[in-house]
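Line by line, the protein sequences give chains Z and A. Here our numbering is used: the first residue of the first sequence is 1, the next is one more, and so on. Here our numbering is used: the first residue of the second sequence is 1, the next is one more, and so on.
Check before you lean on any hint, since a few could be wrong.
Computed cross-link-like contacts, SDA-like style, restricted to lysine to any residue with a CA-CA straight-line distance of at most 20 Å [said to hold, decoys possible]:
(1) K73/A - M84/A
(2) K73/A - E91/A
(3) K22/A - Q38/A
(4) K22/A - S93/A
(5) K9/A - Y105/Z
(6) K65/A - R49/A
(7) K9/A - Q41/Z
(8) K22/A - M84/A
(9) K22/A - G40/Z
(10) K65/A - G29/A
(11) K13/Z - V114/Z
(12) K9/A - P61/Z
(13) K9/A - G40/Z
(14) K73/A - L47/A
(15) K13/Z - P61/Z
(16) K9/A - Q37/Z
(17) K9/A - Y39/A
(18) K9/A - A38/Z
(19) K13/Z - S86/Z
(20) K73/A - T5/A
(21) K15/A - Q78/A
(22) K57/A - V107/A
(23) K73/A - P18/A
(24) K57/A - Y105/Z
(25) K15/A - K57/A
(26) K57/A - T103/Z
(27) K22/A - P61/Z
Computed list of chain A residues with no C-beta within reach of chain Z, every gap over 10 Å [stated by the list, open to error]:
(28) S12
(29) N24
(30) S28
(31) S40
(32) I56
(33) D62
(34) G66
(35) S69
(36) E79
(37) E80
(38) N108
(39) P109
It is worth saying that the hints were derived from the structure and are not from the lab. Positions of the beta carbon are idealized from the N, C-alpha and C atoms, including for glycine.
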Amino acid sequence: ETGVTQSPTHLIKTRGQQVTLRCSSQSGHNTVSWYQQALGQGPQFIFQYYREEENGRGNFPPRFSGLQFPNYSSELNVNALELDDSALYLCASSLIGRAITDTQYFGPGTRLTVL
Amino acid sequence: AQRVTQPEKLLSVFKGAPVELKCNYSYSGSPELFWYVQYSRQRLQLLLRHISRESIKGFTADLNKGETSFHLKKPFAQEEDSAMYYCALFETSGSRLTFGEGTQLTVNP
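Kindly produce the complete structure, drawing on both the sequences and the hints.
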């Protein structure tokens with residue numbers, strides 16, 4: 001069984017730039033959720049993708065967008081980067097099936113620094 | 001809105017002592033609660049979820065709906081338990097986990 005993987009591990013961007021982060025879900029999972037974890041805080045939900053559509057969104061502006069592909073992998077895109085976007089971005093995969101709630105398994109994260 | 005509170009940012013105990021990490025929540029629906037753990041330089045991983053009622057690595061947590069709490073307990077702490085612990089609530093309507101801010105547990109020899 002393959003776990004959740006994320007790329008890249010680290011990324012440095014400047015204000016105003018755009019960034020794409022990638023996530024491969026655990027085998028057998030069909031759902032990907034993205035979280036932002038600022039330093040010293042718990043992860044905050046950005047959005048979830050299920051069957052290639054957004055399936056819930058947290059309190060993040062539209063410049064945070066995503067995609068899910070037929071193989072259930074996912075991308076998180078952030079436009080017009082701001083300094084406050086500097087954080088660890090976590091991807092979690094899960095299986096939505098008969099049980100709406102299933103455990104979310106996390107990847108190692110991508111550390112984004114905006115200068 | 002749902003909320004998860006972990007009142008202690010830092011908790012330090014000695015090896016062999018009991019440990020309790022506190023978690024309180026506010027949620028209008030029927031809560032599904034989890035504890036996640038992050039060891040140094042490792043990814044966030046599930047420790048336990050209340051509906052499975054399992055005991056993992058000697059840790060247990062009981063959901064108390066009257067007190068809206070889901071405290072994590074272990075009778076005898078070990079040095080390898082030193083880690084960051086997050087309590088999280090699953091909201092079915094938004095398909096999201098809401099996390100507390102975490103408690104850094106240090107178990108001293």
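Results for each hint:
no., hint, result
1, K73/A - M84/A, "14 Å, holds"
2, K73/A - E91/A, "24 Å, violated"
3, K22/A - Q38/A, "17 Å, holds"
4, K22/A - S93/A, "25 Å, violated"
5, K9/A - Y105/Z, "24 Å, violated"
6, K65/A - R49/A, "15 Å, holds"
7, K9/A - Q41/Z, "10 Å, holds"
8, K22/A - M84/A, "13 Å, holds"
9, K22/A - G40/Z, "18 Å, holds"
10, K65/A - G29/A, "11 Å, holds"
11, K13/Z - V114/Z, "5 Å, holds"
12, K9/A - P61/Z, "29 Å, violated"
13, K9/A - G40/Z, "9 Å, holds"
14, K73/A - L47/A, "12 Å, holds"
15, K13/Z - P61/Z, "19 Å, holds"
16, K9/A - Q37/Z, "16 Å, holds"
17, K9/A - Y39/A, "16 Å, holds"
18, K9/A - A38/Z, "15 Å, holds"
19, K13/Z - S86/Z, "9 Å, holds"
20, K73/A - T5/A, "16 Å, holds"
21, K15/A - Q78/A, "5 Å, holds"
22, K57/A - V107/A, "15 Å, holds"
23, K73/A - P18/A, "8 Å, holds"
24, K57/A - Y105/Z, "18 Å, holds"
25, K15/A - K57/A, "15 Å, holds"
26, K57/A - T103/Z, "18 Å, holds"
27, K22/A - P61/Z, "32 Å, violated"
28, S12, "18 Å, holds"
29, N24, "14 Å, holds"
30, S28, "16 Å, holds"
31, S40, "13 Å, holds"
32, I56, "12 Å, holds"
33, D62, "19 Å, holds"
34, G66, "22 Å, holds"
35, S69, "17 Å, holds"
36, E79, "24 Å, holds"
37, E80, "20 Å, holds"
38, N108, "22 Å, holds"
39, P109, "26 Å, holds"
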